[in-house]
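Novice: Single-letter residue listing:
Protein chains: 2
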Amino acid sequence: MKPLKIAVAGLGTVGAGLVKLLSDNAGIIAARAGRPIVVTAISARDRNRDRGIVIGADVAWYDDAAQMAAKADADVIVEVIGGSEGIARQVVETAIARGLHVVTANKALLAHHGVALAQAAEAKGVALGFEAAVAGGIPIIKALKEGLAGNSLSRVTGILNGTCNYILTTMRETGRDFADVLAEAQALGYAEADPSFDIDGVDAAHKLSILTSLAFATPVDFASMYVEGIRHVSAVDIDFADKLGYRIKLLGIAQATDHGIEQRVHPCMVPVTTPIATVDGVFNAVVAEGDFVGRSIYEGRGAGAGPTASAVAADIIDIARGNRSPVFGVPVGALAAKGIAAMERRQGAYYMRLMVLDRPGVLADVAQALRAEGVSVEQMIQPGRAPGETVPMVMTLHDTVEADMNRAVARIAALDAVVEPPRLIRIEHM
Amino acid sequence: MKPLKIAVAGLGTVGAGLVKLLSDNAGIIAARAGRPIVVTAISARDRNRDRGIVIGADVAWYDDAAQMAAKADADVIVEVIGGSEGIARQVVETAIARGLHVVTANKALLAHHGVALAQAAEAKGVALGFEAAVAGGIPIIKALKEGLAGNSLSRVTGILNGTCNYILTTMRETGRDFADVLAEAQALGYAEADPSFDIDGVDAAHKLSILTSLAFATPVDFASMYVEGIRHVSAVDIDFADKLGYRIKLLGIAQATDHGIEQRVHPCMVPVTTPIATVDGVFNAVVAEGDFVGRSIYEGRGAGAGPTASAVAADIIDIARGNRSPVFGVPVGALAAKGIAAMERRQGAYYMRLMVLDRPGVLADVAQALRAEGVSVEQMIQPGRAPGETVPMVMTLHDTVEADMNRAVARIAALDAVVEPPRLIRIEHM
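Protein sequence lines correspond, in order, to chains A and B.
Going by numbering that gives the first Met the number 0, the final residue of the first sequence carries number 429, and the count climbs one at a time with no gaps.
Going by numbering that gives the first Met the number 0, the final residue of the second sequence carries number 429, and the count climbs one at a time with no gaps.
Calculated directly from the structure, the hints in this document are not laboratory data.
Be careful, since some hints might not be right.
[As the list claims (entries may be wrong)] Covered stretches of chain A (in silico footprint by chain B; criterion: 3 or more residues with CB under 8 Å from a CB of chain B, positions within the stretch not fixed):
| id | stretch |
| --- | --- |
| 1 | 12-24 |
| 2 | 28-34 |
| 3 | 135-145 |
| 4 | 149-162 |
| 5 | 283-297 |
| 6 | 322-336 |
No residue lacks a Cβ here, since even glycine has one placed at the ideal position from N, Cα and C.
So that you can see chain A by itself, here it is in the shape it has in the complex (with noise of 0.2 Å):
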C-alpha cells in the first residue's frame, strides 16, 4: 500500500525521538499499519546539528516550518515545537487549512485553541491527533475517546506534570526544601531554566483542560481553572503528611458535581494507600471514574523523547489505518458547556497548619474559629512543648465547604498566637 508520508515541525527532543522510532521500528509499525510510514520533510534551524538520528537525503528539510506546513509533500504535519502561539499554531492552522492531517504534542495550544482547531479539522475532514500532549507514556486520550465510550464519566484525576512529581517525591525522600530541590532538578535537566510553567501548575492544567473536555463532552475551558503550583509547599508539610498517612501529589482534578464541573489543579494530601499515591518520580498517572467500568488507572512517564514519540507514533499509526474519531470525542457541535463550579464549593476534607505561640488558649481559639464556621476537626498534632515560642500546629479537617474553610482560616489567621498565614492543603479521597 501507498506510504503515509510525514513531515516533522521541529527536530528537539521530540522530534528527534519520532524519527528514531519510525526508523527503529519500521517494519513492525508497517506490518500494523497496514502501510510503511515515511519520514519526507524535517523542519528545525540547523541541519547538521548532530541528534544522535540519521536523516536520509531523501528528506526535504526546511528552515522554516510554517513554509514546510504550507509545501511540503506529506500527509502529516507532526507539530513538535510547542507554544500557544507564534509559529507552532500557524503550522497547525496551516496544515488543517492545506488539508493534512496534523499530530501534536503540544497541550498549551490545545488549551487555548483548542475548539477552534477541532472545528478547523472537523470542516477538513483531517484528523487532529494529540495523544502525545498529555502524559506521553499513557494512552489516556485513546483510553477516554475510545476504550472507555460506554461510560459516562464522573472523575478524571490525574499527577500530570513530571517535574513537580519529581520535585515533592525528591522532597520527601531526602527531606529538603523546595528551593533546594529545583535547583537540583534544573541541574539534571528535570526543570526549565524557567520553571513556571511546570511549578506553578500552568502545565498540568493545560493538559487537565483537555482531558476535561474529554471526559465531559465540554468544550476545553483553560481559562476557567483553578490553579494552585507547588511553591509554597514546605518539607515540614511533607513530614507531616507521612505522620498522618498522606503523600502529597499535585493533581489536576476533573468532575462532574451538582454545582457544575470542577476542574482544579492544586497539591493534594492523597491517603497513602491509594494507588497514585505512590506513583512517584517522572511518572504520571491518570484515574478516570466511569459508570460502567468503575475505576480505571493508567501509569506512566509522563515526558521525554520515547514516551512523548510513542504517543506521536500512535496517532500516526491510527491516521495510516484510517481510523478516526471525533477531535474531543464528540463532534465540535455536540460539546456543550456544563458550567463551572466555583473553588468556594469544593467539598472535602482539608489539612491546616498553624504556626502558633505555645501558650495557653491558642487551640481553644482555634476551636472556637473552626466551630464558628461549622468546620469540625478529624486529627490534630501538635508536636512537642515549648512555652512561648513558635510551634506547629497541625489538624486534619472533616469534609467541608471551601467557602467555610476560607471563613475559618481568616478567623484563624486574625487570632494573636497565629504568627504566620494558616497554610492549607486539600485532602482528597479516592
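Using the hints, position chain B against chain A.
Specialist: Showing chain B alone in chain A's frame:
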C-alpha cells in the same frame, strides 16, 4: 446516520449489563459513535426472567443463539455465552461467515481458535473485537494494538484473574488458608462452583495467550503455555513473603528472551514496592514494556457486568465509527511464530521453603546441594529453634536458571532431614 444494529447472544450478567449500558448511555454513545447503537435481537433461554433491564417489544427474541447469528437483522453479533466450543463457537463462526462484525468476551474461544477466527474475519472484512476478553475494566487490548503500536514490546505482565487475586489478598489480610478462603469466595460469588479454571491458572493463561500474540505478533499459542495455579500457595508462604518484602500474586508473564518467547502463568513473589504488588482484591493489572514508551501500567476491575459491558461497548463504538485494526494487531499473514522458550531456561530469583528436622548439619547439607548446582543464597530465615522438631527453613536464591534450581531442589528433597517436598515460588523483579 443509520443506527448500528446489535444482536446479543447470551443474557447473563454481562449480556444484561451491556443492554443496560447501551440504554443508560445511549445519548453520549451516539454522540461519540456518530450514530445511534440499538439492540435489535437477543438470544437467551428464558425471556421472562427478571434481569433488571427493559427489553423493548421491537427486540427480536431467539431461544437459539445459533439461529440468531444466522438470521437476525443485525450488523454486529455480541457473543457473551462463553466456552471454547459448542454454541459460542458456532455463533461466532456463523456471524463471521454471514459477514457480520463480532464482539466477544470469550477468552477461551480466542485462546483455542483465535488465529482461525481472525483469518475468517479478515477474509470477510469484518471486525472481531475482544476487548472484554482480558481485564474488562482495562482497555489493554486497545493499548497494545493501538496506543503502544509504535513500540517493540519486550514484556507484558499481568494480574489477569480476579478470583485468584481476591483469594490471595484475603489470605494475606486474614492469615487464613487457601481452602477456607476459596469456600468463602464461592459463597460470595467471586469464585465458581467449579473453581478450577480460575485457581489452576487456566483462565489467566487463556488471557495471557491473547496478550502474547498482540505483544509479539505471534499466532495465539495456548498449548505451549506453562501454567501453575494457586492451590499450593499456603498461609505460611504468604507470611514469609511479607517478612521478606514481597507479595504473592498469580502473574501471567510474556516476554521476549534470547531463547524465544516465554509465556507462563504461575504464583510469583513481587517486591512490595512494585506498583502491581498492591493491586488487591478483584482488581486486575497489566504492565507493558516497550522500547520507546518504557513501562506503562494499567489497573482496573477484571470482570463483572459493568467493566465487561464497558469493554464490549468500546468495541461496538469502534465498529460504529468505522475504525478497524487487525484482529491481533497485524494481519494474520504477518503473525510469525518466534519459538517458545522452554520453562527450564527461565532465569530469575526463587523463594524456597523447606520443612526440615531441626538438627545439626541440615543447613550445611542444603547449602552443599545448592552449591553443587551453582545456586547461591541471598537470604535465609529459620524462625526459632525446636531441636528434633520439624521447622520451616526459608531461603531466597539469587538469579539462577530454572533447570539448575530444579536439580538443586531434587538433591535437597532427597535429604533425610527434609520431610516435605520443597516449596518453590519464583521471584519476579519488575
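Novice: Confirm or reject each hint.
Specialist: Verification of the supplied hints:
Coverage of the stretch 12-24 of chain A by chain B holds in this model, with 5 residues showing a Cβ closer than 8 Å to a Cβ of that chain against a need of three. Counting residues of the stretch 28-34 of chain A whose C-beta lies closer than 8 Å to any C-beta of chain B gives 5; at least three are required, and the coverage claim holds. With a cut-off of 8 Å between beta carbons, the stretch 135-145 of chain A has 8 residues touching chain B; three or more are needed, and the interface restraint holds. Check on the stretch 149-162 of chain A: 3 of its residues sit with their Cβ under 8 Å from a Cβ of chain B, so the three-residue criterion for coverage holds.
Coverage of the stretch 283-297 of chain A by chain B holds [criterion: at least 3 residues with CB-CB distance below 8 Å; count 9]. Interface restraint, the stretch 322-336 of chain A with chain B: holds (8 residues with C-beta to C-beta distance below 8 Å; minimum three).
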